[in-house]
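All chains should be built: construct the whole structure from the sequences, respecting the hints.
For reference, the chains in residue letters:
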Amino acid sequence: MKYVLRKFFWFFFALYIAVTINFILPRLMPGDPASVLVNKLQGVEEGSMEAIRAAFGIDTDKSILAQYGDYLINILKGDLGISISNYPYKVWDVLSKALPWTIGLMGIATLFSFIIGTFIGIVVAWKRKTKVANSVLGIFLFIRSFPYFWLGLILVYFFAFKKPLFPLGGAYSIGVFRGDGLPFIKSVIYHGILPGLTIAISSMGYWMLTIRNNMINVLAEDYIIVARAKGLPLTQIMNKYAARNAILPSVSGFAMALGFIIGGSLLTEMVFSYPGIGFMLYQAVQQQDYPLIQAIFLFIAIAVMTANFLSDIVIMLLDPRVRDGGKK
Amino acid sequence: MIKDMLKLFFINKKAFAGLIILSLFILMALFAPMIAPYGPKQNENDGEKFPLMASPSSEHILGTTNAGYDLYSQLIYGSRVTLFVGILTGLITTFISLSVGLFSGYLRGTVDDVISFVNNVFLVIPSLPLVIVIASYIPMRGVLPIILVLALTGWAWGSRVVRAQVLTIGEREFIKVAEVMGEKTVIIVFREILPNIISLVMAIFFTSTIAAIIGEATLEFIGLGNISTVTWGTMLFWAQNNAALLLDAWWWFLPPGLFIGILGTSFALMNFAIDEISNPKIRKR
Amino acid sequence: MGDIILKLQNLEAGYIIKQGDIKAVDNVNFELKRGEFLGIAGESGCGKSTLAYTIMGLLEDNGRIFNGEILYQDKDLTSMTENELKAIRWQNISMVFQSAMNALNPVMKIGNQLIDTILSHKKDFTKRDAINKSKEMLKLVDITEDRMNAFPHQLSGGMKQRVMIAMAMILEPDIIIMDEPTTALDVVVQRTIIDKISDLRKQFNFSVIFITHDLSLLVEISDKLIIMYSGQIIESGLANKVYNNPLHPYTKGLMNSFPSLTGKLQDFGGIPGKPPNFLKLPGGCRFHTRCPMKQDICSKVAPPLQQINNDHTARCHFVKKGN
Ligand SMILES: Nc1ncnc2c1ncn2[C@@H]1O[C@H](COP(=O)(O)OP(=O)(O)OP(=O)(O)O)[C@@H](O)[C@H]1O
Ligand SMILES: [Mg+2]
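Chains as they are written, first to last, in this note's numbering: chain D, 6 to 333; chain L, 29 to 313; chain P, 160 to 482.
Source of the hints: derived by calculation from the structure; they are not laboratory data.
PhoX-like cross-link-like pairs, simulated, lysine-lysine; straight-line CA separation at most 25 Å:
id, chain 1, residue 1, chain 2, residue 2
1, L, LYS42, D, LYS136
2, L, LYS35, D, LYS134
3, P, LYS433, L, LYS204
4, D, LYS245, P, LYS281
5, P, LYS439, L, LYS31
6, P, LYS166, P, LYS234
7, L, LYS35, P, LYS177
8, P, LYS292, D, LYS245
What follows is a list of derived Cβ distance ranges for each label pair:
id, chain 1, residue 1, chain 2, residue 2, range
9, L, ARG136, D, LEU173, 54 to 62 Å
10, P, PRO441, L, PHE145, 55 to 63 Å
11, P, ARG193, L, LYS31, 47 to 55 Å
12, P, ASP345, D, VAL319, 31 to 39 Å
13, P, PRO441, D, LYS134, 31 to 39 Å
14, D, LEU104, L, ASP32, 47 to 55 Å
15, P, LEU440, L, LYS31, 20 to 28 Å
16, L, PRO223, P, ASP288, 50 to 58 Å
17, P, ASP288, D, THR240, 17 to 25 Å
18, D, VAL319, L, ARG136, 23 to 31 Å
19, P, ASP345, L, PRO223, 30 to 38 Å
20, P, LYS282, L, PRO223, 49 to 57 Å
21, D, VAL137, P, GLY179, 24 to 32 Å
22, L, ASP32, P, GLU219, 20 to 28 Å
Everything numeric in this text was worked out from a predicted model, so none of it was measured. Ideal Cβ positions, reconstructed from N, Cα and C, are used throughout, including at glycine.
The structure is reproduced here in structure tokens:
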């Protein structure tokens with residue numbers, strides 16, 4: 006229990022730091038984003054400016070501490086200001102439209118890639134002396150060296166442009182609507198395959214390599230030799246002794262990797278014009294929509310930290326040493 | 029010990045392959061003016077304008093851009109900035125990781141607590157979004173901000189690994205002996221500890237260089253780089269912004285990405301080899 | 160003492176590495192009787208663990224048996240298939256490994272680790288039977304049955320090692336090989352564990368091959384002693400004979416030594432210098448580079464292992480019959 010509390014505390018603290026970084030960044034930056042904002046916001050009614058004023062320090066008459074206080078309160082209220090490029094919509098409204106797409110696409114793709122990548126990694130480690138295992142390893146090593154967005158481009162080029170098996174982009178066909186039910190869902194799945202594949206293929210290598218390295222370390226442990234000596238069936242050694250131990254670092258590294266994968270997914274969305282937060286970030290960057298950029302960053306940070314917290318909890322369930330507070 | 033490692037490094041097939049590929053790219057960058065038929069931003073030769081958006085031909089092996097630049101020449105010149113940014117960022121990142129990790133791991137106590145805390149915060153803050161946010165604020169578009177931003181957001185992983193390693197080494201007999209003999213901290217760290225983590229340092233360098241190369245390309249691709257310099261990343265930016273894909277101009281967006289990947293692979297190969305050499309467990313059972 | 164159950168004949172085994180072959184077990188012969196306690200001693204790196212792993216058929220991937228036979232009840236283990244070996248391993252010959260600390264799966268309750276051993280061999284056992292048997296075994300090594308639900312990290316080093324001993328005994332084998340079972344433990348715990356082993360052996364009449372670098376541990380409990388140097392047996396015989404009348408200079412060196420806890424000290428006891436590299440073995444007697452009694456012949460002619468008197472052999476030019 007102490008462990009959970011400690012992790013919970015850390016979760017909130019990290020969150021707080023991320024929120025604060027979000028506050029400090031625009032003030033540290035050389036470009037004076039505040040004045041850019043003032044220019045862009047000309048004509049915006051005063052009432053909706055409150056959150057932006059605090060967050061970017063446009064209220065020059067207020068002290069920085071007061072601005073910070075206002076900013077924190079606004080965040081707690083869920084008020085992230087208005088989106089410049091989507092005026093007069095609030096940042097939160099814009100964001101909440103994009104979120105489900107990203108979460109759905111990335112969530113499913115990441116889950117798939119974690120499961121498949123981990124499985125492949127275990128097999129590759131187990132059979133590491135074979136040619137097949139080595140070539141699989143080589144292929145993943147190679148794929149991992151490419152930028153996500155380029156892999157996305159290539160997939161679009163070959164499977165949407167050259168051979169129009171899949172759509173070029175977007176999340177569903179024009180002319181299909183949410184209310185349509187099954188046709189809508191079908192369209193969404195159809196549009197999600199290529200971007201999902203991009204995310205899955207490029208992140209799979211990470212999971213595969215991580216678990217492979219863990220497995221190789223674990224396979225040299227004495228308890229594996231003992232398990233073999235005891236005459237346990239191979240599947241039992243592989244699952245209950247080797248993989249069960251090798252998966253631990255993968256799980257505890259999940260959040261860190263997630264930050265990396267989210268980064269890649271953002272780019273994937275940009276390539277596929279997929280209406281998630283990645284594509285939104287892209288547009289926001291083009292139009293210097295700082296409130297939106299900040300909000301997206303904040304949101305991603307929250308997502309990663311939540312994932313971090315969850316993986317800490319899962320580790321606790323999987324590793325008795327952590328449960329007893331013995332090992333970090 | 030370092031010598032033995034280097035020797036093994038040259039014997040190892042993967043390392044050797046990686047080294048060869050990297051050397052080819054470095055040669056390409058150094059001798060770009062000699063290899064490339066034209067300059068990166070040359071759109072005419074002897075008063076004769078280059079065709080726009082041309083497909084590959086004998087004059088233009090990889091065709092031309094919509095501004096009439098020769099893509100083959102751009103590809104070759106592009107290696108310069110790409111390599112420079114990648115390697116320099118890799119070096120800076122490694123340096124930060126190493127110094128932070130070494131001292132935090134060796135000094136322990138409060139110093140370590142504070143550094144570890146900051147380190148952990150940096151670890152969980154997703155770096156690419158942070159990089160994008162920061163880069164979007166910086167008015168100056170160029171190579172320097174990219175290097176700084178990538179290095180400042182990329183060190184956390186490395187320093188944590190170094191710290192963990194230093195903690196275990198610090199327990200060993202010979203460090204204790206050095207301490208008892210009253211050696212200065214700095215001397216212990218550099219003379220006794222550093223040589224023992226040399227393979228780790230190399231691994232961090234290779235990993236962060238790959239990350240930097242991809243990071244640079246990414247930033248430039250979204251338009252956060254200096255789009256008037258020619259790098260593999262900006263080539264992809266222009267290709268994307270001129271809908272090269274829909275125009276079936278594969279020669280525009282395929283080669284730069286491929287080169288990024290191959291360059292990345294060369295570092296990955298060396299990284300892998302280091303792991304094979306320094307982790308005896310890989311050879312076992 | 161009963162019939163011979165294990166017999167090694169001209170056993171040569173070791174590892175193949177890029178730089179050459181390492182023959183860490185070189186022409187080893189011995190016999191083990193039922194219920195007998197055989198002690199094997201030697202410096203770190205002399206091939207003790209390799210010998211143990213060879214008998215178990217558990218050599219690493221680059222390990223090889225180059226020559227010789229391992230006869231368990233007259234069946235040659237070296238020519239058996241992996242499946243045939245599996246039937247004998249643990250069921251008839253089991254082992255306690257060198258590093259007790261890591262020999263237990265950290266994420267599994269120790270009870271389950273005992274139970275899975277039973278269930279994978281005894282097809283007629285129910286889960287209930289296996290649980291009962293495991294509790295019984297734990298009791299034998301003085302661990303209460305509520306520890307069945309403990310995870311390895313919740314036990315002390317000595318307890319873990321006792322669990323490993325229980326695990327080695329659980330199928331009631333004829334032979335248990337113990338590879339430095341006490342090395343990582345402190346002296347008091349070492350003592351209790353060795354006493355325990357000695358008790359259990361009397362009770363269940365299994366044979367023990369006890370490997371250590373600390374000769375002093377072996378003296379009281381061994382029936383026979385083998386001293387290894389650089390892969391070879393350099394002296395062997397009844398324990399009290401070897402102990403009271405060591406013949407080989409190396410054994411003498413071992414006798415007046417107080418080995419460190421890790422056995423990794425460069426100067427092993429009274430003997431200065433390091434054991435030779437397996438890839439660059441010296442000509443003649445392998446010990447001559449460190450031998451205080453070295454003569455010209457030692458670097459030229461390799462001495463054979465000769466019978467000095469009843470139940471006592473040594474590999475040295477200067478020990479004579481009736482000595
Ligand atoms: N997998 C391997 N590949 C190559 N050489 C090996 C391998 N395992 C062990 N060796 C070498 O074989 C020799 C014998 O090793 P072994 O482990 O049998 O020694 P030991 O007597 O058990 O030592 P210790 O008291 O330290 O356990 C050593 O020189 C060792 O370096
Ligand atoms: Mg050993």
